[in-house]
Structure formats: structure tokens, C-alpha cells
Amino acid sequence: SSSSGDEALRDKRTRILSRGLPKQKPIEGVKQVVVVASGKGGVGKSTTADIFTITSFVLTQTKEVGLLDADIYGPSIPKMMNLKGNPELTPKNLMRPLKNYGIACMSMGFLIEETAPVVWRGLMVMSAVEKLLRQVDWGQLDYLVIDMPPGTGDVQLSVSQNIPIAGAVIVSTPQDVALLDAHKGAEMFRKVHVPVLGLVQNMSVFQCPKCKHETHIFGADGVRDLAKTLGLDILGDVPLHVNIRETCDSGQPVVISQPQSDA
Amino acid sequence: TLAERTNLAGVRHILLVLSGKGGVGKSTLSTELALALRNAGKRVGILDVDLCGPSIPRMLRVQDSAVHQCDSGWVPVFVGQDKAIALMSIGFLLERPDDAVVWRGPKKNALIKQFVTDVAWGDLDFLIVDTPPGTSDEHISTVEALRPHQLLGAVLVTTPQ
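Keeping their order, the protein sequence lines are chains A and B.
FYI, the numbering for the first sequence is 1 to 263, going by full-length UniProt numbering.
FYI, the numbering for the second sequence is 1 to 161, going by full-length UniProt numbering.
Extracted from the complex, chain A is given alone in its bound form (with noise of 0.2 Å):
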């Protein structure tokens, strides 16, 4: 019949097409990897990827979990978690990555000086990623958390063509021009057929510490509707609070250094 006729037409034309890319192969020893996205920069993609990865890492405590900082440009995650240095290499000429809070970390900012540009094209940053992916001595994980830079290009193309992703959280401000991003990010993953495990909303009020009055500095509940139009669920809902910036820009994550605080 032609339908039959057309699938097999179909099927044979995804065969041909899928010929050209690199095979899909997990990570050895990692049972999971979750992705931290956005479309847009500067929303709270390492921040979010940083406090998720400690407190799934502190709940649960029988879980071992890594941190893949993806952004080749400006890795954020050393400062974050607070680790410098040069990762060792293996007998196996694996690098070893840097622990803290419990947590395996690798970047590319531990490859590089802090204040060295990565002035790299896309092919480059592909090397660069298979390397970070690979070429780790991530031993045996539950988790690997990968915190993926701004845009829709070859990081979040290699990263997916090269690696089963289990899902993909996005993370976006209420703000129009964020929201239009995320939903670029969330097409993206459906292109490239990752599921997206939902959405979290970010810097979502502003409560002024002396007179407690709120304001949404970027607009309120736009991730919420974005979230009603794709139909995903909301992970989560983050204020825009002094103490998450100040804790992560000094190493100490709010989740370890203020666990009873509201932020």
C-alpha cells in the first residue's frame, strides 16, 4: 500500500541522511546525563546546573554526581565551586576532574588561564567538547550535570550528537527577549530529539531587603506561560536574591553556605 511505500521512503531517506553523524555512545561509567540550557545568555544556566548538581548531591547522599561545565568561552563553574588548578592525568592519560562539595568537576576554565579568551571557531570548540567529554576519568556517576553555554550552535550540536541524553532543563528570566530565546532552545532539543524535562523560571521577583516590597524586575510568570504553550512542566521558581550572586561569585553556593535562608 503507499503508505507503507512512504515510510519506507522515509525511513530510508533518515538512514541516508543519519550516515554522515557521529554515533551516538555513552560516557563510560556515567549512567545518566542531564543538560542545563537556555537559548539565552546570562538567565542562571551554571548557577542553576551548580545548586541542582550539590543538592541532589546532598538530599540524597548515596548518589555520585558530576558537573560538566560545556562553556568553552566563558566557563563559569571553577568560580562557582570554588576549585583551581590543572586536572592530573591518569595512567590511562585520562584527566582526573577536580572535587568539591562532593561533586566531579570539569571545565575548560581549568585548562586555561582565568583570564585567557577562547577565540576558537566551531571546530575547534567541537575538539574541545569531545575532550571534556571523553578524555575524563569520571569513574562510576549516577549523574552527569552538563552546564551548556548561551545559543543554539556546535556545543549543544556536538554535545547531542554525541552523547544519550537523558533530558534537558531550561532556564529562563520572564523577559521577553529570554523567553524567545528558550523557545529556540527548546526547538532545538526537539530537533535533535532530546526530551526536555521542563523549564525553570529564574530571577523571577525581587524582594527589596529593607522594605520587603516585591518587584518583577523582568517581567512575572513568562516562563510560566511558555511552559503552558510548550507543555512542559516548571521545575522550579528562583528569586532574584543578593545572597545567590554573592555566594556563587565567592565559591560557597548558597545551598552549603546559607542552606536555612529563603533564597
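If you are wondering where the hints come from, they were derived from the structure by calculation, not from laboratory data.
Keep in mind that the hints are not guaranteed to be accurate.
[Unchecked claim] Chain A is faced by these chain B residues, among others (derived, beta-carbon under 8 Å):
{"#": "1", "residue": "23"}
{"#": "2", "residue": "52"}
{"#": "3", "residue": "100"}
{"#": "4", "residue": "104"}
{"#": "5", "residue": "134"}
Where is the CB? At the ideal position from N, CA and C, for every residue including glycine.
Go by the hints and put chain B onto chain A.
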């Protein structure tokens, strides 16, 4: 080529807006700067080379505009109160504003080259180039494509964080 010499020949100053970090206000600043220069009587254009997250069409409420061709190339979209600021962005070339542009470097480079050489900018006092976060393909390609022309310089935007 003749086109290259013609399309940017009428532009007096080219200014790049960069940051490294995302979300610090590059697009916002580029837009406000363009509007302020326009208010001061200058002829201004904005080139938005953020291919993955083009924010400027939305900021100026022209995200539904289309781009037309003329003899010397693409005609920019004219924005602002008196429709006198010339704007080019990938946002105008997408079928829907939420379409994702998931491209690797070489494809991005090709489009940026076209944005620089094939847009009929006309006579401008200032062309402001808004870039995406990072220091990657878009930045390298933009600077390379603009090299034959006089680049005034770059403005770096950051927050205190």
C-alpha cells in the same frame, strides 16, 4: 569586489558591541545607543549578528517585517519613530520568530559575510554591530569581513558580577 566597495563605502564609523558574558545588556545597549545617536541627528544602522538569539527586531517591535532585494543587495528594515534607523538581523529571515537556528560555524560564517557585503546600507554615520555572547565564529567572521573597512572600535558591556 565592486559590491563590497559600494555597500559599506557610505558608512563612516563601524562600532562593535561585545561582552564575552551573555545576558549583560549588549542588545539593549546597542538599541539605546542607536536611538540616542539618531536623536542627535546622525544616520544610524544596526547589524545584529546574533544568529541564535536575535533580540533586536523584537526590541524595536519589527519582528514581523520582511526583507526585500534591490540592485545592490538586501534592503535593511527601517525602524524607529521616523523609520530612519536601518536594521538587519537573521530575525527577519526566519519563517516564524520562534524558529531555532541550529547551525554550525561554517554556515554562520557564510551568512555573516553576506550581512556585511550584501546589505545596501547606504550613507550612514554609524553602523552598530550587536554580537552574541562568547568569542566565537560570529565574532571572528564579523571582524574578518569588516577588515577592509575602517572599524572605529569596540564597546565592552558587563555587569559588576
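Going down the list of hints, with the structure as the test:
{"no.": "1", "hint": "23", "in the structure": "holds, 2 Å"}
{"no.": "2", "hint": "52", "in the structure": "holds, 4 Å"}
{"no.": "3", "hint": "100", "in the structure": "holds, 4 Å"}
{"no.": "4", "hint": "104", "in the structure": "holds, 5 Å"}
{"no.": "5", "hint": "134", "in the structure": "holds, 4 Å"}
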